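S.K.: Here are the chains, one letter per residue:
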Amino acid sequence: MIAEEAVDVVVVGGGPAGLSVATELRRRGAGKVVVVEREATAGGVPRHTDHLGFGVRDLRRVMSGPRYAATLVRRAERAGVDIRTATTVTRWVGGRTLALASRDGTSVVAARAVVLATGVRERPRSARLVPGDRPAGVYTTAAIQQLVQRGIRPGTRAVIVGAEHVSFSAVLTLRHAGCSVAAMVTPLPRHQTYWPLRIATATRYRVKVLTGVDVAAIHGRPRVERVELTNGTTIECDTVVFTGDWIPDHELARGAGATIDGSHGGPLVDGAARTDRTGVFAVGNLVHPAETADVCALHGRHAAPAVMEWLAVDEWPSRRLRILTNAPIVWVSPAWIDPLIATPRDRFVLRVDRFVESRTMRARQDGRELWHGTVLGGSLVPNRSISIAAHWTADVDPDGGDVVLSVEP
Amino acid sequence: MFDVCVIGAGVVGSAVARLLSHQHLSVVLVDAAPDVGAGTSKANTAILHTGFDATPGSVDAGLVARGYELLRRYAPTVGIAVEETGAVLVAWTDEQAEALPALVAKAHTNGYDAAALVDAGEVRAREPHLGGGVVAGMVVPGEHIIDPWSTPIAFAREAIANGATWRPGCRVAGFEFGDAKTVVTFERGDPIETRFVVNAAGLFSDVVHELAGGSGFTVRPRRGELIVFDKLARGLLHGTVLPVPTSTTKGVLVAPTVFGNVMVGPTADDIGDKAATGSTRAGIDALVAHARRILPALADEEVTAVYAGLRAATEHSDYQLVHHPDRRYVCLGGIRSTGLTASMALAEEALRRLVECGLTMSPKEDDEIVPIRMTNLGEVEPRPYQQPGNTGIVCHCERVTRDEIAVACTVVPAATDLDGVRRRTRAIAGRCQGFACLAEVCTIAAAATSTTPESWLHG
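One line per chain: the protein sequences are A and B, in this order.
Numbered by the numbering used here, the letters in the first sequence go through residues 1 to 409 in order.
Numbered by the numbering used here, the letters in the second sequence go through residues 410 to 868 in order.
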């Protein structure tokens with residue numbers, strides 16, 4: 001029998017969301033807070049995203065990804081968070097008891113609260129069921145970022161699958177490594193990034209975006225030689241990068257038996273980041289795949305008071321109202337409403353699956369209008385983060401039916 | 410000069426080399442590819458078959474049944490993961506149900522007595538996640554799942570540990586048969602002088618056979634596509650779910666893997682091209698449709714990998730086993746999908762035929778045979794990441810430690826590319842497909858072999 005260590009909070013995942021919730025918990029007086037991070041260094045995805053734009057919303061500064069990651073780690077350490085790197089949660093042993101594996105072998109930790117902050121990954125080629133050969137040279141954005149950071153050139157001529165923000169980030173990474181971009185392809189009718197980024201890549205790197213077309217097959221051996229498109233054309237290249245199309249790393253959330261939002265794969269949470277498993281919280285991109293790092297950090301920070309409350313009063317909601325969404329909205333997060341609890345940043349984040357002219361949305365409960373208004377900045381574009389105000393949740397009838405969110409024509 | 414040259418380091422050739430290495434003989438194992446098990450042996454259904462459905466009295470039937478017993482016993486002794494999950498053969502129509510009694514009788518004729526008919530309720534009790542429409546079933550408790558990647562590597566490693574020479578990257582160009590020796594020439598590299606030759610060239614066994622002056626069969630590859638579902642699907646399945654076979658194919662099965670995934674396949678397309686190892690839109694779509702029908706909850710799970718492999722089918726239904734004493738030549742050709750199960754029995758068969766060709770066996774004493782130990786890749790037995798003092802997990806999806814990757818790149822027969830690393834360790838084979846670990850795996854492989862990460866990355 002392995003000795004069981006008892007702690008107050010285990011945070012699984014040492015990215016922006018996990019580090020931020022842990023730091024805030026310590027600042028609010030939580031006892032033993034442990035962050036379990038499987039990589040050798042904490043900090044999460046920003047460690048490998050070596051460009052500016054991090055920390056704006058949470059730290060009110062602009063810094064590079066690696067610097068931002070290091071800053072979050074330092075702040076957590078200063079706050080007294082116990083960060084255990086190179087440590088993996090392998091499975092649940094009990095309701096809030098986890099089995100760990102590290103260089104020292106296996107161990108068990110029992111927590112009063114568990115916060116899942118396991119993040120997201122990009123859907124790889126195989127999960128997208130793209131047929132053809134299985135050559136070298138097929139990657140995701142995160143893989144090429146790590147390669148380039150180590151000075152390893154991913155290839156010489158790439159096709160990028162996807163045309164959302166991260167896809168354009170992949171262009172920058174490849175160009176930095178001296179790899180040209182033959183084309184970006186997206187099955188959608190237009191790219192989904194902001195125009196400045198699109199114009200910058202178009203003028204600086206002359207990147208061609210092929211819309212309304214997808215990759216039909218990959219050919220080549222042992223290295224990629226060409227990509228076949230659904231319109232019958234082929235593109236010669238030695239590199240294919242599959243970008244975006246995020247999947248939450250939900251293995252532990254599933255293992256906990258938490259109810260999953262089928263439209264994005266992450267666990268359902270309320271405004272306080274509570275899942276429907278007692279004492280188990282979920283923060284960051286696990287519950288909204290995928291937002292920027294600072295939004296994840298703020299989500300983590302926002303969850304801390306609720307974790308403190310759970311540690312203090314030992315109460316867990318038994319019934320919550322669900323927000324259902326009508327097409328073209330695919331998901332909203334958080335998707336459970338507790339009228340007494342504010343949502344992170346007083347917003348809901350959501351996604352749509354097609355381009356929509358309207359920017360007006362409406363929330364109803366049992367036929368009664370709770371709110372209508374315009375989205376906060378931007379327009380309804382697939383794969384792009386969309387936010388709406390959340391102050392209206394105070395008007396929700398806690399004994400009423402589900403809330404329905406829809407786009408007004 | 411060697412006593413025996415084994416051509417082909419797939420699961421069959423490697424098994425032959427291993428068994429020969431237990432004799433006082435000099436053995437050389439050659440392959441056209443740079444690695445062991447890199448051809449038709451690497452993409453199969455990873456099942457250790459009882460042989461219950463073989464054609465009674467056929468060459469295959471005896472070899473599959475014997476090979477099953479041999480590999481089942483051997484695998485645990487060297488650390489090849491194997492699990493006795495059993496199988497249930499499911500009839501989805503009345504017509505299929507009517508075929509079941511004959512299949513049970515056939516199993517009994519093949520000497521497999523544990524096969525038994527079960528009703529729909531028993532099928533459901535065993536596999537509660539099956540889709541609707543189960544009419545009846547037949548249980549085959551002895552069916553196993555096995556690690557198909559480690560098996561040929563273990564055979565080759567044991568052969569090498571016991572004195573066999575490993576010559577990768579040698580494609581046979583021709584033979585010069587003399588009175589006492591044969592010269593095997595290659596497209597590149599020095600020729601080999603040997604007394605005896607064993608042809609275990611898999612997909613190219615017909616080509617090698619012709620070069621050796623033989624004839625009588627042509628390999629017409631049958632492409633089989635497979636899809637592997639996420640480990641989160643493993644709980645949906647107790648054991649292997651087989652369809653009722655038809656005259657042309659065994660059909661699409663759903664099986665757990667020893668790595669903790671669920672596999673669906675194979676398709677069966679007769680194609681002419683020995684290089685057509687790519688997957689197809691039609692094949693993948695058909696497998697997804699099969700998956701949803703057989704195990705509907707699979708529709709909600711991600712696909713981790715798509716593989717396509719070629720079986721060395723011929724115009725004949727049986728293995729093509731021939732030997733020519735005058736040329737001191739043994740051919741193990743046309744070994745189809747049952748080659749993994751039959752491999753160790755085929756090795757015995759090869760030795761028997763070598764003796765008939767005039768080779769004198771001289772067995773080593775037990776204590777002269779160097780044992781080997783593979784790193785367990787299965788989910789049942791302990792793995793390195795669970796041991797105190799391990800070197801830390803690098804591939805998180807598959808929980809592969811740093812040392813395992815370095816060992817894969819350095820212990821003979823060593824990996825020569827990332828695919829070889831994947832087959833030896835499971836690294837990069839998981840749900841993220843290298844999103845988190847690709848750069849690190851290349852860096853470790855490069856450091857272990859004093860090469861560059863690019864040389865590993867670019868294949």
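I should point out that these hints are in silico values taken from the structure, not numbers from a laboratory.
On a predicted model such as this, the values are computed, not experimentally measured, just so you know.
Ideal Cβ placement from N, Cα and C applies to all residues, glycine included.
Possibly wrong hints are sitting among the right ones.
Claimed, not checked - Calculated pairs, SDA-like style, for lysine to any residue (alpha carbon to alpha carbon, straight line, at most 25 angstroms): (1) B:K683 with A:G377; (2) B:K683 with A:A216; (3) B:K773 with B:G495; (4) B:K683 with A:R226; (5) B:K659 with B:G495; (6) B:K683 with A:R134; (7) B:K683 with A:R221; (8) B:K683 with A:G265.
Said to hold, decoys possible - Computed list of chain A residues with no C-beta within reach of chain B, every gap over 12 angstroms: (9) R61; (10) R121; (11) V130; (12) G132; (13) D249; (14) E369; (15) G377.
S.K.: Over 12 angstroms from every CB of chain B: does A:V130 meet that, or does the non-interface label fail?
M.R.: Given a closest Cβ separation of 8 angstroms, the condition is violated.
S.K.: Hey, B:K773 versus B:G495, does the alpha-carbon distance stay inside 25 angstroms?
M.R.: violated, 36 angstroms
S.K.: Would you check the hint for B:K683 and A:R226, treating anything up to 25 angstroms between C-alpha atoms as holding?
M.R.: Holds - the C-alpha atoms of A:R226 and B:K683 are around 20 angstroms apart, at most 25 angstroms.
S.K.: Just double-check A:D249 for me: nearest Cβ-Cβ distance to chain B has to come out over 12 angstroms.
M.R.: violated, 8 angstroms
S.K.: Just checking, A:E369 versus chain B, shortest CB gap more than 12 angstroms?
M.R.: Non-interface label on A:E369 holds, nearest chain B Cβ at 34 angstroms vs cutoff 12 angstroms.
S.K.: Within 25 angstroms, alpha carbon to alpha carbon, are B:K683 and A:R221?
M.R.: holds, 14 angstroms
S.K.: Would you check the hint for B:K683 and A:A216, treating anything up to 25 angstroms between C-alpha atoms as holding?
M.R.: holds, 22 angstroms
S.K.: If you draw a straight line from the CA of B:K683 to the CA of A:G377, is it 25 angstroms or shorter?
M.R.: violated, 56 angstroms
S.K.: Holds or violated: are the alpha carbons of B:K659 and B:G495 at most 25 angstroms from each other?
M.R.: holds, 17 angstroms
S.K.: For the pair we were handed, B:K683 and A:R134, check the Cα-Cα distance against 25 angstroms.
M.R.: Within the cut-off at roughly 16 angstroms; holds.
S.K.: Over 12 angstroms to the closest beta carbon of chain B is the bar; see if A:G132 clears it.
M.R.: Not fine: 5 angstroms to the nearest Cβ puts A:G132 too close to chain B.
S.K.: Beyond 12 angstroms from every Cβ of chain B: is that where the Cβ of A:R61 lies?
M.R.: Holds: least Cβ distance 27 angstroms, greater than 12 angstroms.
Of the numbered hints listed earlier, those contradicted by the structure are 1, 3, 8, 10, 11, 12, 13.
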